[in-house]
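Assemble chain B onto chain A, guided by the hints.
Going down the list, the protein sequences come from chains A and B. Using full-length UniProt numbering, read the first sequence as starting at 1 and increasing by one per residue. Using full-length UniProt numbering, read the second sequence as starting at 1 and increasing by one per residue.
A hint or two may mislead.
When the alpha-carbon atoms are kept at most 20 Å apart in a straight line, the in silico SDA-like pairs for lysine to any residue are as follows [unchecked claim]:
{"no.": "1", "chain 1": "A", "residue 1": "566", "chain 2": "A", "residue 2": "625"}
{"no.": "2", "chain 1": "A", "residue 1": "713", "chain 2": "B", "residue 2": "206"}
{"no.": "3", "chain 1": "A", "residue 1": "716", "chain 2": "B", "residue 2": "192"}
Anything over 12 Å on all C-beta distances counts as not near chain A; from chain B, calculated [as the list claims (entries may be wrong)]:
{"no.": "4", "residue": "27"}
{"no.": "5", "residue": "39"}
{"no.": "6", "residue": "51"}
{"no.": "7", "residue": "67"}
{"no.": "8", "residue": "72"}
{"no.": "9", "residue": "80"}
{"no.": "10", "residue": "90"}
{"no.": "11", "residue": "99"}
{"no.": "12", "residue": "101"}
{"no.": "13", "residue": "143"}
{"no.": "14", "residue": "146"}
{"no.": "15", "residue": "174"}
{"no.": "16", "residue": "199"}
{"no.": "17", "residue": "213"}
{"no.": "18", "residue": "224"}
To spell it out: a stretch of chain B is covered by chain A in this simulated footprint if at least three of its residues, at any positions, have a beta carbon under 8 Å from a beta carbon of chain A; those stretches are [said to hold, decoys possible]:
{"no.": "19", "region": "175-186"}
{"no.": "20", "region": "202-212"}
No wet-lab data here; the hints were simulated from the structure. Cβ atoms here follow ideal geometry from the backbone N, Cα and C, with glycine treated the same way.
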Amino acid sequence: MAKKDSVLEAGWSVMEAGVAKLQKILEEVPDEPPFDPVQRMQLYTTVHNLCTQKPPNDYSQQIYDRYGGVYVDYNKQTVLPAIREKHGEYMLRELVKRWANQKILVRWLSHFFEYLDRFYTRRGSHPTLSAVGFISFRDLVYQELQSKAKDAVLALIHKEREGEQIDRALLKNVIDVYCGNGMGELVKYEEDFESFLLEDSASYYSRKASRWNQENSCPDYMIKAEESLRLEKERVTNYLHSTTEPKLVAKVQNELLVVVAKQLIENEHSGCRALLRDDKMDDLARMYRLYHPIPQGLDPVADLFKQHITVEGSALIKQATEAATDKAASTSGLKVQDQVLIRQLIDLHDKFMVYVDECFQKHSLFHKALKEAFEVFCNKTVAGVSSAEILATYCDNILKTGGGIEKLENEDLELTLEKVVKLLVYISDKDLFAEFFRKKQARRLLFDRNGNDYHERSLLTKFKELLGAQFTSKMEGMLTDMTLAKEHQTNFVEFLSVNKTKKLGMDFTVTVLTTGFWPSYKTTDLNLPIEMVNCVEAFKAYYGTKTNSRRLSWIYSLGTCQLAGKFDKKTIEIVVTTYQAAVLLLFNNTERLSYTEILEQLNLGHEDLARLLHSLSCLKYKILIKEPMSRNISNTDTFEFNSKFTDKMRRIRVPLPPMDERKKIVEDVDKDRRYAIDAALVRIMKSRKVLGHQQLVSECVEHLSKMFKPDIKMIKKRIEDLISRDYLERDTDNPNTFKYLA
Amino acid sequence: MRRSSSKKKSGQSTESVTTDLFRSASSKASNKEMDRIDHLFNQYANKSSSLIDPEGIEELCSNLEVSHTDIRILMLAWKMKAEKQGYFTHEEWRRGLKALRADTINKLKKALPELEKEVRRPSNFADFYAYAFCYCLTEEKQKSIDIETICQLLEIVMGSTFRAQVDYFVEYLKIQNDYKVINMDQWMGLYRFCNEISFPDMGNYNPELAWPLILDNFVEWIQEKQA
Numbered sequence: 001m002a003k004k005d006s007v008l009e010a011g012w013s014v015m016e017a018g019v020a021k022l023q024k025i026l027e028e029v030p031d032e033p034p035f036d037p038v039q040r041m042q043l044y045t046t047v048h049n050l051c052t053q054k055p056p057n058d059y060s061q062q063i064y065d066r067y068g069g070v071y072v073d074y075n076k077q078t079v080l081p082a083i084r085e086k087h088g089e090y091m092l093r094e095l096v097k098r099w100a101n102q103k104i105l106v107r108w109l110s111h112f113f114e115y116l117d118r119f120y121t122r123r124g125s126h127p128t129l130s131a132v133g134f135i136s137f138r139d140l141v142y143q144e145l146q147s148k149a150k151d152a153v154l155a156l157i158h159k160e161r162e163g164e165q166i167d168r169a170l171l172k173n174v175i176d177v178y179c180g181n182g183m184g185e186l187v188k189y190e191e192d193f194e195s196f197l198l199e200d201s202a203s204y205y206s207r208k209a210s211r212w213n214q215e216n217s218c219p220d221y222m223i224k225a226e227e228s229l230r231l232e233k234e235r236v237t238n239y240l241h242s243t244t245e246p247k248l249v250a251k252v253q254n255e256l257l258v259v260v261a262k263q264l265i266e267n268e269h270s271g272c273r274a275l276l277r278d279d280k281m282d283d284l285a286r287m288y289r290l291y292h293p294i295p296q297g298l299d300p301v302a303d304l305f306k307q308h309i310t311v312e313g314s315a316l317i318k319q320a321t322e323a324a325t326d327k328a329a330s331t332s333g334l335k336v337q338d339q340v341l342i343r344q345l346i347d348l349h350d351k352f353m354v355y356v357d358e359c360f361q362k363h364s365l366f367h368k369a370l371k372e373a374f375e376v377f378c379n380k381t382v383a384g385v386s387s388a389e390i391l392a393t394y395c396d397n398i399l400k401t402g403g404g405i406e407k408l409e410n411e412d413l414e415l416t417l418e419k420v421v422k423l424l425v426y427i428s429d430k431d432l433f434a435e436f437f438r439k440k441q442a443r444r445l446l447f448d449r450n451g452n453d454y455h456e457r458s459l460l461t462k463f464k465e466l467l468g469a470q471f472t473s474k475m476e477g478m479l480t481d482m483t484l485a486k487e488h489q490t491n492f493v494e495f496l497s498v499n500k501t502k503k504l505g506m507d508f509t510v511t512v513l514t515t516g517f518w519p520s521y522k523t524t525d526l527n528l529p530i531e532m533v534n535c536v537e538a539f540k541a542y543y544g545t546k547t548n549s550r551r552l553s554w555i556y557s558l559g560t561c562q563l564a565g566k567f568d569k570k571t572i573e574i575v576v577t578t579y580q581a582a583v584l585l586l587f588n589n590t591e592r593l594s595y596t597e598i599l600e601q602l603n604l605g606h607e608d609l610a611r612l613l614h615s616l617s618c619l620k621y622k623i624l625i626k627e628p629m630s631r632n633i634s635n636t637d638t639f640e641f642n643s644k645f646t647d648k649m650r651r652i653r654v655p656l657p658p659m660d661e662r663k664k665i666v667e668d669v670d671k672d673r674r675y676a677i678d679a680a681l682v683r684i685m686k687s688r689k690v691l692g693h694q695q696l697v698s699e700c701v702e703h704l705s706k707m708f709k710p711d712i713k714m715i716k717k718r719i720e721d722l723i724s725r726d727y728l729e730r731d732t733d734n735p736n737t738f739k740y741l742a
Numbered sequence: 001m002r003r004s005s006s007k008k009k010s011g012q013s014t015e016s017v018t019t020d021l022f023r024s025a026s027s028k029a030s031n032k033e034m035d036r037i038d039h040l041f042n043q044y045a046n047k048s049s050s051l052i053d054p055e056g057i058e059e060l061c062s063n064l065e066v067s068h069t070d071i072r073i074l075m076l077a078w079k080m081k082a083e084k085q086g087y088f089t090h091e092e093w094r095r096g097l098k099a100l101r102a103d104t105i106n107k108l109k110k111a112l113p114e115l116e117k118e119v120r121r122p123s124n125f126a127d128f129y130a131y132a133f134c135y136c137l138t139e140e141k142q143k144s145i146d147i148e149t150i151c152q153l154l155e156i157v158m159g160s161t162f163r164a165q166v167d168y169f170v171e172y173l174k175i176q177n178d179y180k181v182i183n184m185d186q187w188m189g190l191y192r193f194c195n196e197i198s199f200p201d202m203g204n205y206n207p208e209l210a211w212p213l214i215l216d217n218f219v220e221w222i223q224e225k226q227a
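In isolation and in its complexed conformation, chain A is listed as follows (with noise of 0.2 Å):
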């Protein structure tokens, strides 16, 4: 007995001798010389020989638990008071200093005692060397430090918070002491460590962001608070673990923005209606930033951002309104209003889409703020005439020569044109807008020679883009019209001079339009005077030439005339609608006719005719002669020729001014819509065959979405309508759905 331990008692001494040494080593005993090759031979192999004794003398055991017991009286002794009698900064230093030894000190003694590592702790599932030496730190050191060492730490973070320089590389160290007693995972560091600094950090921010919300605006306040963002990731950069910074931040984020997210944004002197009233496009892109990366952040500045969009729309729509009823009486005075109220919108839209590329990142928060805003004022009447109306008229006037008060010119022209149709895509009453243009757009055609081809086509091709070939079908096919007319009036010509025996005796152009393209028009059994019915017979038989099928109807209020007319003093070109035309040739055989007699020899109706005489009477000029002289047509009234009108131009337009055809318009759209709802309710039941009310009427409302909205009134009677006449039937049992009835 005695013979064997006196082997491990002496093995052992020789350990201890080695680890005294080793500790003197770290203990920066003054003229310790190191370990030389011999020495760690010498101590490994003592190991050797201690653990490789035949049985039952094998003392890898007892090695390693005096091994583990090394570490453990080292740690008491020594580690252990050493740092207890250090504070602050001071026991930090210790710490890491007697962490860094530890290190050194497991790597040596795992060397000496290496064998044990081979085969006894891999066979009895023992803690390897190394493990038994940081756990032992861990248990006895760590263990009972941590808590103060964390307290340092945050007081040093607190100073470096406010303002004042740091260790940042001790701190750094310390971190790698809390991430290293976590045996490989960071449990320690962010159970220990992480947690609490989590928490001071929010309450040090939440102090800070009560004192600066009331010594601060707005924009001064998310100055600072996008400062301290940066700083706190700084600080992770610089000595935390990158794992933390994701909670730092967001944490702060909560302290700095969330919390305070009310009380900042909707500030009354400096929040984000006050910068958006201001322009302040800077402080607006720092808020967006900040706000970003918080779920739900943006939704209240892109709320205020969408509310104050609407307030400046439509305080735009009551000042047109406001302009056009104090102009009431001067129609013109409307029409110039229309433009300029739509160049307002178009700038307004410009301007807010800058901040939403600018400020906001294209963010669809806040291009779906503009659109929902630009819905709500865009729909608006103004002064009894709606949106749609007022956007048709301002196209008519940007493209017809003359341009209307803009005169704008090509690359503008087209600039303007594609703004033109975003705005169209605000407005609801999209089939209302096609209805105009499309009547504008005929006239323009067919009354303005020097109309721009190229910018209506390319105005329809945005149209289609936007909107689908269903939108523009008509308005191309007109275009389209336009350019075979031409054809046909050259091939008419030919056939003119061809057939010499049909002499007209006077320029004759036809425009043969397609019925379905085109606005309908009354036609009135005008009687023509006789040289223009030869014309119409001439191209009635060439038009015979070219097709069987086609019948062709004259609209002739939609020509035009040029008459010289032979006054007295010199002759005048005077332009006229073919109606005007007929009654001024009627006094190519009378000096004088009665209202009466003009009325049953060009068989008209009364308010036509009104209409007609006034304009060549009643107006600017007065090629006939009215008598009596009143203000209005009356059919007592008797008309003269006026050999003694004369004017200073050659030529001179005797304009017809055009029925108001907004109260028609209207009616159409409301009938075709009609049809439209029954239409999309028809195919909505066929394919669904039994369907709820609610949905049923969604569904309808979802289809119709593109051109109008619907009515949910009108929507209800249209299938009260469908009922009545068996397409629909109510169900039985449940009075809610209906069923499509074959």
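Same frame as chain A, but now just chain B:
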């Protein structure tokens, strides 16, 4: 030869006699009933058209001591499944009176309260209500009834059970301009309205459901009045 044949005959006849006696007893009774019903019919029918016409119905009503706008006459028509308003055919008369087991005026008068009870049963009333509408359709392809008639019909059919609703609705029908006639769907909608919606607060009315538009407008009108 004769004997045997006659024997056979008599054998057969004894059988048939007993069944005949049996049948004829009940059929005699029912024949008698039907005869009385027919006799009653002839009392009121127009000789030339062989129908009971409006005049005949008025007489019938006075004999029953019921006003001719009383709902019970309508119920009688329903029981008869009468097709044309103001007229009862022989077939319909037979059908109705047989079902009521009434072959005299007195029996018919006594049967009326029972009939009313039967009709007012919820399972029957909806059918009766719908019938009342169809009964008023006079032309062949007619699908709607004019406002005036509807008001009268409402009064007759629903006046006793839903007094308030009928009063308000009749007032509304007279002043509104959207509809000049009422169709079956709207008529049935009104029935549902009276049964389902609390009146006059109408707290449980939801215009987003599939109520006929005329009822939406009606509710709006009342709410404006109450405000």
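List of violated hint numbers, smallest to largest: Violated hints (numbers, rising): 13, 17; every other hint is consistent with the structure.
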